[in-house]
Amino acid sequence: MVKPYQHLLDTEFLSKEEMQSLLSRARFFEEHHEEGTNMFQNRFVANLFFEPSTRTRFSFEVAEKRLGLNVLNFSEEVSSTTKGETMYDTVKLLSSIGVETVVIRHRDEKLIAELAKQDTGCTFINAGAGSWAHPTQALLDLYTIQQQFGDEIRGLRVAIIGDLKHSRVVRSNIWSLQKFGAEVVVSGPPMMRDAEIEKQAPYVEFEEAIRSSDVVMLLRVQLERHEQNLFEGSEAYLQSYGMTQERFAQMKSHAILMHPAPMNRGVEIADEVVEHPRSKIFTQMYNGVWTRMAVLERAYVERGGH
1 MVKPYQHLLD TEFLSKEEMQ SLLSRARFFE EHHEEGTNMF QNRFVANLFF
51 EPSTRTRFSF EVAEKRLGLN VLNFSEEVSS TTKGETMYDT VKLLSSIGVE
101 TVVIRHRDEK LIAELAKQDT GCTFINAGAG SWAHPTQALL DLYTIQQQFG
151 DEIRGLRVAI IGDLKHSRVV RSNIWSLQKF GAEVVVSGPP MMRDAEIEKQ
201 APYVEFEEAI RSSDVVMLLR VQLERHEQNL FEGSEAYLQS YGMTQERFAQ
251 MKSHAILMHP APMNRGVEIA DEVVEHPRSK IFTQMYNGVW TRMAVLERAY
301 VERGGH
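For the sequence shown, my numbering begins at 1 and goes up steadily by one.
Treat the hints as calculated values from the structure; they're not laboratory data. Just so we're clear, the structure is a prediction, and the values are computed from it rather than from any experiment. It cannot be assumed that every hint is accurate.
To be verified - Now the in silico label distances, taken between C-beta atoms and shown as ranges:
no.	residue 1	residue 2	range
1	Val71	Ser96	13 to 21 Å
2	Glu51	Arg265	49 to 57 Å
3	Pro277	Gly304	39 to 47 Å
Just so you know, even glycine gets a beta-carbon here, dropped at the ideal spot from N, CA and C.
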């Protein structure tokens, strides 16, 4: 049976030391990526994505192939889950044919954790659980922040701004950043606030959050998860709660802008700001490969192979 600590369910369950070890390995992979590696040749990983994904899915696949893994990409539309097969049976099938690690994204917030409790024979890596958790995004965000400010980020103020109610990255980022001593605050439109999140990190008024923070992390307005139109249009949201050029100019001179993506250009962020030198949005995407290589390496090494 797979030991519980081998799964990556959320940053809540990782210590600061474990996270720093992963980030150190990510740095190693980034610095040596031109050398290539086949450390896990002839071993298998399956990517099970039940929700749309571009960055996370491709980032994981590149990370897997850089490690020499054989990659199986799962398509829900042509799988037996459409015939009523349970996720447990699907994963047991994968285990029986030699898959050791399953990277999974699912709309059900509890599914991945429930699978991890069962004796499936697989190690699970959470690639996004509903609106609840996204640990590898939090790790790559932390890696990006350390690149800018150094490994010691104690006292750094990080503002997470936007659709708090529906974002899967908020909790994971709060857990990781606070363990490293960062001061995390949240902000956003009143109808997108979340009382449970505000128990973990205090709510700060929008304009103050932008002016007072060292890192401003925007969240996508998840229109597909809202039951009604909350604003009259994208321009209305941008002017009220988006990162306009004027607001960007109010940020501290050393502050950086981040976004987990995908972005709604012209909604939560002005097009002109996206590729500013202090915007680290595409750097985050680049860093996702090295961070996920470190996470995958951990899974396979702890299973007993290198």
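Structure-based check of each hint:
With their beta carbons about 18 Å apart, Val71 and Ser96 fall inside the hinted range of 13 to 21 Å. At about 21 Å, the CB distance of Glu51 to Arg265 disagrees with the hint of 49 to 57 Å. Distance hint check for Pro277 and Gly304: the Cβ-Cβ separation is about 45 Å, which falls inside the suggested range of 39 to 47 Å.
Consistency with the previously given hints fails for number 2 only.
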